[in-house]
Amino acid sequence: MLKLIASRIATAIPSLIGVVIVTFMLTRVLPGDAAAYFAGPAATPQAIAEIRTKLGLDKPLPVQFVDYVTALSKGDLGSSLSTGQPVATEIASRLPASAELTLSGLILALAIAIPFGIMAAVKQGTWVDHACRVITTAGVSLPVFFTGLLLVYVFYFKLGWAPAPLGRLDVFFTAPPTVTGFYLIDSLIAGDLETFRSAAAQLAIPTVTLAIFALAPIARITRASMLSVLSSEFVRTARAAGLTPYKVIMVYAFRNAMLPVITTLGMVFSFLLGANVLVEKVFAWPGIGSYAVEALISSDYAPVQGFVLAMAILYIILNLVIDLAYGVIDPRARSEA
Amino acid sequence: MHGVIDMTQATTPTPAEEARGPLLEVHHLTVEFATRKGIVTAVKQVDLTVRKGETLGIVGESGSGKSVTSYTLMRILDRAGRIAEGTITFSGIDVANATERTMRDLRGREISMIFQNPRAALNPIRKVGDQIGDVLLHHLQAEPRNVKAKVIEILEQVRIARPQERYHAYPFELSGGMCQRIVIALALACQPQLLIADEPTTGLDVTTQKAVMDLVTELTRARGMSTILITHDLGLAATYCDTVVVMEKGKVVETAPAEQIFRAPQHPYTQKLVRATPRPGIALSDLLPEVAVVPSPLPEGERSAPLAAGEGAQASSQMPAPPHPDPLPRGERGLPGAPLLKVENLLKEYPRQGVPMGFFAGLMGKKAPPEEAIFRAVDGLSFEVNKGESVGLVGESGCGKSTTSTIVMRLIDATSGKITFDGMDIGAIPAKEFAHHPMRRRIQMVFQDPTDSLNPRYTAARAIADPLLRMGEQFGIRGAAQMRAKVEELATMAGLPLDLLDRFPHQLSGGQKARVGIARAIALKPDLVILDEPTAALDVSVQAVVLNLLEELKQTLGMSYLFVSHDLHVVRLLCDRVIVMRQGKMVEEGTSEQVLEAPKAAYTRELIAAIPHPPV
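Taken in sequence, the protein lines are chains R and S. Read in order, the letters of the first sequence correspond to residues 1 to 337 in this note's numbering. Read in order, the letters of the second sequence correspond to residues 338 to 953 in this note's numbering.
It is worth saying that the hints were derived from the structure and are not from the lab. Each hint should be verified, as a subset may be incorrect.
[As the list claims (entries may be wrong)] Just some of the chain S residues that point at chain R, by a computed CB distance under 7 Å:
1) 411
2) 441
3) 444
4) 445
5) 450
6) 458
7) 459
8) 460
9) 462
10) 472
11) 474
12) 504
13) 506
14) 507
15) 545
Note that CB positions come from ideal geometry on N, CA and C, so glycine has one too.
Just need the whole structure built from these sequences, with the hints factored in.
Written out as structure tokens, the structure is:
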């Protein structure tokens, strides 16, 4: 198992190097001049040039790249031009916010989509199946910012059930002491139920927004893979042996049907990371997505590079976890490793 | 059909049977399937009786409804199927109307089933021991604390070596024969009264088949169980059953004691099946129905009429007036022309691996395991194929026969050895380049699976034209009309009705697809055709027709065949010489008669003995 992890991480290194090079080049060729932006609209060309020298932007690209990589190897992601804060600290404080939102969205989506997909497959052609189809189609058809706004309108503005969509905590609460950076977990560790409730309330609607988006692919894959497994020969054997429908569906069919679902989870997660950027904007969520968008607009290189790098690492870790999960479920994958 | 029950009762009771009443009675069973094209009746008015301790064989070709009948007995038909009429009584229980709960108690505990394709019949990601344990626990035959011991005991009964270890094995770690033993263990775990074996040995080697069938017979005898053996193989049914029921297109056409079925088949369909079954001492043309179908003296005379339109008969009647060229005497056929293909010291090595490298391993960029062990798939094989000769390459799975044919076809490279084709060293041409080599068109192949070897998006005509389009320059075919004429000529030679040429593979029957594959292989007038189990996926009656077609084409076109097969009887019918292989090596070589009638090697004798011999 350790060997597998090591080999997977080793294969990830080339792609990480690629990500570093590509993001560096991309941010340099994008239109917009960081020095001009930073100097402000009234600055003289002289002032802009001065700032450019100060930022090291007048050096040739290869030199800039070497500087960047040297700093990177020391764990220095540079500093944001707009805020002056080191990018590493910013990402460290914002990443948990995004991760908490994305993961809770994914977990909610899984909790709904998998039973739904199973039901749709087991009761193929009945109302459950049709409902599954309608809901999943609606889920992918609506853009996340629209569902987000709709939910805010209904649950905050009309019904008043949800708190104002402004960040991770109600203004009257202070963030729990950081352990994991996930407010739900940290507040529980601190034993602060009030904060937990507030954090949960703030998290609810953005989570639902993301979950609706992620529902469709998961439910569809679950349904399709359950259908094919249910018609397979070993399920027939299990039925012929008189096992109960519950055992046949959950132990024999479901575990096999999970294999393709797990594979698609990685993809769904990356969709969610993309969708997150918009959701964070709608809900004023202090996450990494909104941070990156603002930095991109102002040609602020360091945060954008830091963001892309963080996402790449996250994605690699996620895929590693998925592969390991696959190995746990499927002995064939295990023995090949 | 009305005589069914009487016939059964006329059976001589087996020693195990003590004139007890029937265990299972099926009366007028009709099963329908709701399909997109409307209701299809898969089983029509079927009557069956199984007595205690008796083994009943249900024999029929694909589409005869034999498997549907067996699924109906356990009520495990899929959603679309339903019992439209008739009764099923199993030791006093009305199966057709029993609740699902009652059925669950019956399944596995009173009636159980073993399946074709044992590896697929087992859950791929659950330990085989746990799968057997599931059944024991469900039927309260074991408790969680002693289930493992019980499972191991059962594994011992089905002769699994090292059962303690194998308990923790997954199906992919076991051989096909071993998987079938696990399936048998699963079926017999709860000591049921009736075992339904649905093509239990199809896809297994003959020696494995014999071992598996002997095991089933022994275990069921010892427990006084009844068995229903469903098979397409009359020889197998005749060897292992007391009574045989022959089904055709959903109906029972004949029921008789096993030895009678072979010696004196009553119904024309049974007669045709018996004829089409390859067996010792017959010639290729003996497989086909006699040209003039003599109306059989059957009580139900009307049966012979629908036969002409029957699935199996269709295939033969489709042959546009088979020209029956008098087959040359066997000795003459084998008269050596110049050697066409000469294989010398062929060697193919693979790095030994625990499991085949799959997608996942490739994904991880894994290299082959560091073990130094090398597996020799072909180990120093030498043989020749002369012009106009057919040579059979026989052996069990894993003996290297397919690897050999693939190397001769130049699809993969040998590790070492020399392959000379018509005086040219084609072994020296790398496999990658051979596809574009002028020699390529002189060697063609007919594949084992007629369905998988056709592009599903090509019509029959397009499939046959394919080699002509790719390397048929020498025929000088210009334009669509000429190509069509050429394709029609080839189709006629292969006995494919011309109106089927515009159909897609899924619209053709197995026999028709086989003809498309053959027409495609002869399109370029090859000198050597490699036949890789060309009839293994076909029903016996279709196989009979296809084998005769192949023989005829060989005579007309003067081709040589390299015939790869596991079936010695089939090989004997088609081949002049036979090479028996085992573990990559040649065990025996000789004329078909010598090898089959006076085998020198012990292994050959073992192979021949394992073939179920119908009582002739």
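Verification of the supplied hints:
1. Taking 7 Å as the C-beta contact cut-off toward chain R, the hint placing residue 411 of chain S at the interface holds, the least distance being around 6 Å.
2. Annotation: residue 441 of chain S was flagged as interfacial toward chain R, and the flag holds, the nearest CB pair being 5 Å apart, inside 7 Å.
3. A cut of 7 Å between beta carbons decides the hint on residue 444 of chain S: the least distance to chain R is about 3 Å, and the hint holds.
4. The beta carbon of residue 445 of chain S comes within 3 Å of a beta carbon in chain R, closer than 7 Å, and the hint placing it at the interface holds.
5. Evaluation of the residue 450 of chain S hint against chain R yields a held restraint, the C-beta minimum of about 4 Å falling below 7 Å.
6. This hint holds: residue 458 of chain S has a C-beta 5 Å from the nearest C-beta of chain R, less than the 7 Å allowed.
7. For residue 459 of chain S, the shortest C-beta to C-beta distance to chain R is roughly 5 Å, which falls under 7 Å, so the interface hint holds.
8. Hint status for residue 460 of chain S: holds, given a least beta-carbon distance of 5 Å to chain R, under 7 Å.
9. Residue-level restraint check for residue 462 of chain S holds (minimum Cβ-Cβ distance to chain R is 5 Å; threshold 7 Å).
10. A hinted interface residue such as residue 472 of chain S counts as satisfied when its beta carbon comes closer than 7 Å to some beta carbon of chain R; here the least separation is about 5 Å, so the hint holds.
11. Among the interface hints, the one on residue 474 of chain S is violated; its C-beta lies about 9 Å from the nearest C-beta in chain R, farther than the 7 Å criterion.
12. Hint status for residue 504 of chain S: violated, given a least beta-carbon distance of 14 Å to chain R, over 7 Å.
13. For residue 506 of chain S, the interface hint is violated, the least distance from its beta-carbon to any beta-carbon of chain R being 9 Å, above 7 Å.
14. The restraint placing residue 507 of chain S at the interface with chain R holds, with a minimum CB-CB distance near 5 Å, inside the 7 Å limit.
15. About 19 Å separates the beta-carbon of residue 545 of chain S from the nearest beta-carbon of chain R, more than 7 Å, and the hint is not met.
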